[in-house]
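Chemist: Between the sequences and the hints, there should be enough to build the whole structure, so can you do that?
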Amino acid sequence: MSTLILLLVTGVGLGGLYFLVASGLSLIYGLMGVLNFAHGSFLTLGAFVGLAAAQAVGAGTWGGLLLGLLVGALTGAVAAALTELGLIRPLYNRHIEQVLVTVGLSLATVALFEGIWGPNPRNITTNAWLSDTTELLGARIPNTAFLNILAAALVLGGIVAFLKHTRYGLIIRAGVENRSMVTALGIDVRKAFTLVFAVGGAAAGLGGVLATQSLNYVSPHMGASLLIFAFIVTVIGGMGSLTGAAVASVVVAVLQQLANSYLNNSGDLIVVLLLAIVLLVRPSGLMGRTA
Amino acid sequence: MSEHSPRQDRPREAGPILSVRGLSARIAGQQVVHDVSFDVAATGVTALLGRNGVGKTSTLKAVMGLIERSGEVVLDGARVDAERTERIVCRGVGYVPEDREVFAGLTVAENLRLAERTGDHGTSPARKRLVADLFPDLTQRAQQRAGTLSGGQQQMVSLARALLNENRILLVDEPTKGLAPRIVSEVADALAAAARTVPILLVEQNLQVIDRLADRVVVIDAGRVVHAGPARELLDDQAMIQRFLGVHAESEPAPDQVHKAVTIAEGGE
Ligand SMILES: Nc1ncnc2c1ncn2[C@@H]1O[C@H](COP(=O)(O)OP(=O)(O)OP(=O)(O)O)[C@@H](O)[C@H]1O
Ligand SMILES: [Mg+2]
Chain A
131 MSTLILLLVT
141 GVGLGGLYFL
151 VASGLSLIYG
161 LMGVLNFAHG
171 SFLTLGAFVG
181 LAAAQAVGAG
191 TWGGLLLGLL
201 VGALTGAVAA
211 ALTELGLIRP
221 LYNRHIEQVL
231 VTVGLSLATV
241 ALFEGIWGPN
251 PRNITTNAWL
261 SDTTELLGAR
271 IPNTAFLNIL
281 AAALVLGGIV
291 AFLKHTRYGL
301 IIRAGVENRS
311 MVTALGIDVR
321 KAFTLVFAVG
331 GAAAGLGGVL
341 ATQSLNYVSP
351 HMGASLLIFA
361 FIVTVIGGMG
371 SLTGAAVASV
381 VVAVLQQLAN
391 SYLNNSGDLI
401 VVLLLAIVLL
411 VRPSGLMGRT
421 A
Chain B
2 MSEHSPRQDR
12 PREAGPILSV
22 RGLSARIAGQ
32 QVVHDVSFDV
42 AATGVTALLG
52 RNGVGKTSTL
62 KAVMGLIERS
72 GEVVLDGARV
82 DAERTERIVC
92 RGVGYVPEDR
102 EVFAGLTVAE
112 NLRLAERTGD
122 HGTSPARKRL
132 VADLFPDLTQ
142 RAQQRAGTLS
152 GGQQQMVSLA
162 RALLNENRIL
172 LVDEPTKGLA
182 PRIVSEVADA
192 LAAAARTVPI
202 LLVEQNLQVI
212 DRLADRVVVI
222 DAGRVVHAGP
232 ARELLDDQAM
242 IQRFLGVHAE
252 SEPAPDQVHK
262 AVTIAEGGE
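In the order they appear, the protein sequences are chains A and B.
Going left to right, the first sequence walks through residues 131 to 421 as my numbering numbers them.
Going left to right, the second sequence walks through residues 2 to 270 as my numbering numbers them.
Don't take each hint at face value.
[Unchecked claim] Dumping the calculated BS3-like pairs for lysine-lysine here, alpha-carbon to alpha-carbon at most 30 Å:
id, chain 1, residue 1, chain 2, residue 2
1, A, K294, A, K321
2, A, K321, B, K178
3, A, K321, B, K129
4, B, K129, B, K178
Just so you know, the hints here were simulated from the structure itself, not pulled from any lab data.
Modeler: So, in structure tokens, the structure goes:
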């Protein structure tokens with residue numbers, strides 16, 4: 131019983147990390163029709179820069195962590211916005227080229243990060259509370275799981291509120307349905323493009339710093355490995371659906387944890403199987419619009 | 002109806018509000034508009050006619066910059082053919098697309114809020130009043146999702162989005178398409194009221210609606226302009242209607258058929 135609870139809660143925590151990456155992927159795809167393969171790089175960059183900021187204040191302190199999360203999110207946002215302005219916008223409406231550019235950028239940036247920070251994972255110092263566990267119904271849950279869940283919930287709530295209550299949120303929701311009609315109402319939809327990249331980049335950068343706290347290391351490759359699962363989550367949830375991504379994040383991560391523990395470390399296999407089943411039975415994903 | 006309508010402030014002048022010269026456009030690499038030239042007068046309704054598939058919608062989209070185009074588009078003396086769609090709209094061009102294109106997942110209020118613009122040709126209190134008076138239904142249904150509205154109500158939303166702003170011209174594409182006869186005349190009423198405040202370029206297949214609203218007509222066939230002139234001249238000439246539009250107009254509709262849609266027959270069917 132306590133193992134099950136442990137697996138469930140850590141699964142939801144991992145799902146939180148997936149969601150932080152998948153939310154941006156989903157928003158960007160929904161509005162622009164672009165699969166952003168560079169999204170993992172926003173995460174990695176956010177993690178390195180965020181940790182550097184945290185260390186400057188004091189690694190392992192609450193202040194350092196908070197600053198690290200903030201700087202990580204900001205770094206992700208700026209990197210993503212610059213990517214959109216510099217590389218995506220010049221290829222307006224040429225989706226294949228846009229995707230290829232993001233693939234190229236992801237490869238180039240990983241090489242760049244390796245050049246700057248070295249190819250190997252580096253251990254980090256985490257906050258004492260975060261390295262500890264809390265007992266819940268007999269299970270000793272790592273505190274990082276709670277932090278991840280809290281952060282993902284705040285980001286989900288924040289994005290939903292933004293989409294619902296702001297002018298740009300309205301533009302994004304309308305643009306997801308019918309981009310050209312948004313421009314035909316006199317609105318420069320490209321500003322919304324930059325904005326969803328920035329919002330998605332911020333969530334990814336935040337996710338990067340959080341991931342280092344759970345993993346206890348930072349590496350140039352962490353973005354790429356999380357990105358794979360985030361893509362799977364995005365497809366299962368329904369490309370472009372934020373709530374779909376949230377639900378699928380949790381489902382995928384919990385399933386992965388359970389399979390890893392009870393089925394001989396077969397978590398990744400099970401996730402790929404789930405992906406295959408969803409694609410066969412419901413190609414548009416759990417909450418996607420039919421293509 | 003006219004009391005609250007914001008009047009056009011531009012004086013009756015000779016120049017057209019919109020001039021199209023040598024406009025060509027392509028969709029997916031295929032040319033669908035061929036060297037089209039016509040003017041839209043600064044007042045009243047100019048109808049853009051032609052059989053199905055001749056390129057009426059494509060012509061409007063080309064003017065709006067929604068599809069790849071070449072040629073000259075002059076709005077009130079200023080070239081706009083190199084500009085992006087949103088810039089053209091902000092210069093005071095309202096667009097009511099074929100098939101309404103309301104945002105189905107957004108509420109009526111959100112659809113309208115999205116259409117509100119700032120600036121010279123933007124939303125004004127007078128315009129908001131006009132919309133509220135023309136479409137009281139929409140005020141009542143403000144919180145309803147536009148996707149759940151009837152076709153006629155969706156058309157009202159689409160028209161309202163354009164009418165909220167102090168536009169210099171409206172481009173309206175088949176506003177009565179697929180609507181029940183009673184709703185067709187409601188939409189025509191609204192257009193007639195709108196036309197007193199802003200010049201309209203109207204694509205329409207329903208001859209009775211054309212008869213009621215149009216002052217001038219431009220006819221295209223196979224992507225080219227084949228006729229332009231006063232609406233009466235075309236409507237009174239059965240042979241011309243048959244030749245250009247492929248339809249016999251009922252010149253004297255029976256009283257109970259007054260609102261029955263007379264729809265131009267499918268060109269190739
Ligand atoms: N998305 C598209 N892809 C390929 N061809 C298209 C596309 N849209 C329109 N066309 C073609 O362009 C031509 C002109 O179409 P358009 O919609 O402008 O005609 P229309 O006069 O508005 O017709 P209708 O009266 O049926 O609305 C047609 O031959 C049509 O098949
Ligand atoms: Mg058409």
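Chemist: With reference to the structure, classify each hint as holding or not holding.
Modeler: Verification of the hints:
With a CA separation close to 18 Å, the supplied pair A:K294 and A:K321 stays within the 30 Å bound. A threshold of 30 Å between alpha carbons decides the hint, and for A:K321 with B:K178 the separation of about 34 Å lies outside it, so the pair is violated. Our distance criterion of 30 Å between C-alpha atoms is met by A:K321 and B:K129, whose separation comes to about 27 Å. Of the pairs offered as hints, the one joining B:K129 and B:K178 holds, with about 25 Å between alpha carbons and a cut-off of 30 Å not exceeded.
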